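Engineer: Listed here are the chains, written in short residue letters.
Number of protein chains: 2
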Amino acid sequence: MGKVKAQKAGLGETSGELGERRIIEVLRKRFDVMPDLPVLFGDDVSAVSVGDGRVAVLKADMLVDKTDVPRGMSLWQAARKAVVMNVSDFAAKGVEPKAALVSLGLPRNLLRKDVEEIARGLNTGARQYGAYIVGGDTGEASDLVIAVSLFGTAEKKALMLRSGAKVGDIVAVTGFFGKSAAGLRLLLDGFAVSKELREVLVSAVFMPQARLKEGLALSGSRAVTASIDSSDGLAWSLHEIGRMSGVGFLVSSVPVAHEVKCFAEFNGLDALELALYGGEEYELVVTVKPKLWVDAETAVEAVGGRLLPIGKVTRGKQVILEVDGKKCPIEARGWEHFKSKI
Amino acid sequence: MGKVKAQKAGLGETSGELGERRIIEVLRKRFDVMPDLPVLFGDDVSAVSVGDGRVAVLKADMLVDKTDVPRGMSLWQAARKAVVMNVSDFAAKGVEPKAALVSLGLPRNLLRKDVEEIARGLNTGARQYGAYIVGGDTGEASDLVIAVSLFGTAEKKALMLRSGAKVGDIVAVTGFFGKSAAGLRLLLDGFAVSKELREVLVSAVFMPQARLKEGLALSGSRAVTASIDSSDGLAWSLHEIGRMSGVGFLVSSVPVAHEVKCFAEFNGLDALELALYGGEEYELVVTVKPKLWVDAETAVEAVGGRLLPIGKVTRGKQVILEVDGKKCPIEARGWEHFKSKI
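So the sequence lines, in the order shown, correspond to chains V and G. Counting along the first sequence from 1, when you hit position 178 you're at 178 in our numbering, and nothing is skipped either side. Each number in our numbering comes from the position in the second sequence (counting from 1) with 1000 added on.
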């Protein structure tokens, strides 16, 4: 079928036009669904029952240099990040990553030292979170492609899914937002900032940290009803929990990083916009049973983290920001890489 | 470090010059090794202990259209093959695949119908062998990249590794060789053949079948001491078992497919060469305890397959072919895709 004919049949959109989320919908519709799947399609990870109430937890996420690696990021950092972004999804579910496999697509002109740098980055990303790389494969490709898949096991009932938020729960996050978004704006659009500020913001992009300790502590507290990481931005994460739990949110404060406020003020940007609609950030966004709030907070603090309440779960399906008595909707806008900006 | 400086430091080879196998060596050296790893690096699959003598079995293998998909192969076939080549590795270890994750790198101009075709191919490849696709991700890439990772569980002691062959064991295969190699020569170099022959040979390339039933039956028979699939060619598979088991082989017959003999004769090619040094073939190559030969053969025949003895495991480290009393070495040549031929 030629392109014209395909377009007439309504099949003519290109994958570039469809975008990542609609492509995933197209794919899912064609996949038979495993019976008794412990985790719904569309959550941060996949899982398979292995008996005795336990599940194997699996996650695959691919990094492509052309669209996912901003200029200035080293191969070591890119490879490390390819692992860390998968670990972050495990963190959000409260699952310890055990082993990773890596499929590498390598351009022909990559040097041996580049391959070594990639290998060291992968190893660092895994070992930092207690996992090991146990296998994989390589092949030739036009882009540098780093496809990581991660494995761990968990008790099924200990998994923190996107779908359990209840009206009245407290919504909370593990840190301040906006640094990665500011860092990317800095790298891609060339804003002027002080050296110190630049270092903090760029480091958020080049050296992301997964909140694994926090996620494991939160899972252990049994106080969490829903959880997601914020790799597509805070706003998107809230809408995702809302959609999968059938609830809404009233957000009373958005924890914007101090450095982001400085960056935004200096460059005439909106700090709240950066914090809400950024992305490539790896904080956890969770809903907590109000009666167990102290348990959740204590558990996270015991591992050196913090849990910041930002609002409440509501009956309506909207995500609303209320500041000084004024309410405005937080949009379901997210982050589909930064390719459109390059 | 610039290219010249890197070359002086001995790091200047490009990945194209290094080739797939040496790249994997470079990577492995930089990875910390998980303690008590149940399966050595370099076997067909990876594994992680999950307690009670059981292991999680993992495999990742990536298909890139530019190097792995010959002209004439449909997207549906390519996607199906991306799953089947992973299933074949599970087959060689005697492990049932349960779930697959798929990371897709999609060129921007791919149409929605193409994405649907890929999805259907992936689903068919998984369902044909009882597995389900349970997750994955997509992103933009210059090539079509299909990275599949496969998961299953097994008893650790039931795994058929590459490393257990003993002197005196019978070496056997699950089918006849050379069809994929002949099919690829046909597709890439344009040899002339009859329509019927063409169909058989091209189908071997476009619609590979994993010997999963045979692998599971062989594992169940407990008669197998070592096993590998033949995706890099029969010669390479024998050398790999030899290397990892510390043995050699005396091969007394190479089962060359009838169609390959016809193809070779008609085109003045060496049928034995195609059968030994081909690749992209998914037969199993196993070593069997002589006393349990009948058990192994019966188990494979009970699932509709066949087990063809081709020789013996020997003390020497060489792989020797003996025909009509004449001995010649089978070289450790293999198959690193067909990119060099395009």
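If you are wondering where the hints come from, they were derived from the structure by calculation, not from laboratory data. Every value quoted in this text rests on a predicted model; they were computed, and no experiment measured them. Among the clues, some could well be false.
For each label pair, taking beta carbons as the anchor points, the in silico distance ranges come out as [said to hold, decoys possible]:
no. : chain 1 : residue 1 : chain 2 : residue 2 : range
1   : G       : K1327     : V       : N109      : 52 to 60 Å
2   : G       : R1028     : V       : E265      : 48 to 56 Å
3   : G       : R1127     : V       : E155      : 25 to 33 Å
DSSO-like, lysine-lysine: derived pairs with alpha carbons at most 30 Å apart [said to hold, decoys possible]:
no. : chain 1 : residue 1 : chain 2 : residue 2
4   : V       : K261      : V       : K327
5   : G       : K1029     : V       : K66
6   : G       : K1213     : V       : K66
7   : G       : K1156     : V       : K113
8   : G       : K1066     : G       : K1113
9   : V       : K29       : G       : K1066
10  : V       : K29       : G       : K1156
11  : G       : K1166     : V       : K113
12  : V       : K213      : G       : K1312
13  : G       : K1166     : V       : K29
14  : V       : K157      : G       : K1156
15  : V       : K312      : V       : K261
16  : V       : K66       : G       : K1312
17  : G       : K1166     : G       : K1312
18  : V       : K66       : V       : K156
19  : V       : K156      : G       : K1157
20  : V       : K156      : G       : K1156
Partial selection, computed: residues in chain V whose CB lies under 7 Å from chain G [unchecked claim]:
no. : residue
21  : A119
22  : R315
23  : K317
24  : Q318
25  : I320
26  : E322
C-beta atoms are modelled at their ideal positions from N, C-alpha and C, and glycine is treated no differently.
Engineer: Is 48 to 56 Å respected by the C-beta to C-beta distance linking R1028/G and E265/V?
Structural biologist: 49 Å, holds
Engineer: Would the stated hint for I320/V survive a check requiring a Cβ distance to chain G of less than 7 Å?
Structural biologist: Not OK, violated: I320/V not within 7 Å of chain G, min 30 Å.
Engineer: Is K1156/G within 30 Å of K113/V, Cα to Cα?
Structural biologist: 37 Å, violated
Engineer: Are the Cα positions of K1166/G and K113/V separated by 30 Å at most?
Structural biologist: 39 Å, violated
Engineer: Under 7 Å, Cβ to Cβ, is where R315/V needs to be relative to chain G, so tell me if that hint holds or is violated.
Structural biologist: Violated: closest Cβ of chain G sits about 31 Å from R315/V, beyond 7 Å.
Engineer: Below or equal to 30 Å on CA atoms is what counts here, so check K1066/G against K1113/G.
Structural biologist: Measuring from Cα to Cα gives roughly 20 Å; hence the hint holds.
Engineer: Taken at face value, is the distance from the CA of K1312/G to the CA of K213/V at most 30 Å?
Structural biologist: 53 Å, violated
Engineer: Would the hint linking K66/V and K1312/G be met if the CA-CA limit is 30 Å?
Structural biologist: 50 Å, violated
Engineer: Has the given pair, K156/V with K1156/G, been kept, meaning a C-alpha gap of at most 30 Å?
Structural biologist: Between K156/V and K1156/G the Cα gap is close to 23 Å, so the pair holds against 30 Å.
Engineer: Is K29/V close enough to K1066/G, meaning Cα to Cα at most 30 Å?
Structural biologist: Distance of about 27 Å is within 30 Å: holds.
Engineer: Can the hint on Q318/V be confirmed by a CB-to-CB distance to chain G that is less than 7 Å?
Structural biologist: 28 Å, violated
Engineer: Given the hint that K157/V pairs with K1156/G, test it: the Cα-Cα distance must not exceed 30 Å.
Structural biologist: 27 Å, holds
When held up to the earlier numbered hints, the structure conflicts with 1, 6, 7, 10, 11, 12, 13, 16, 18, 22, 23, 24, 25 and 26 and fits the remainder.
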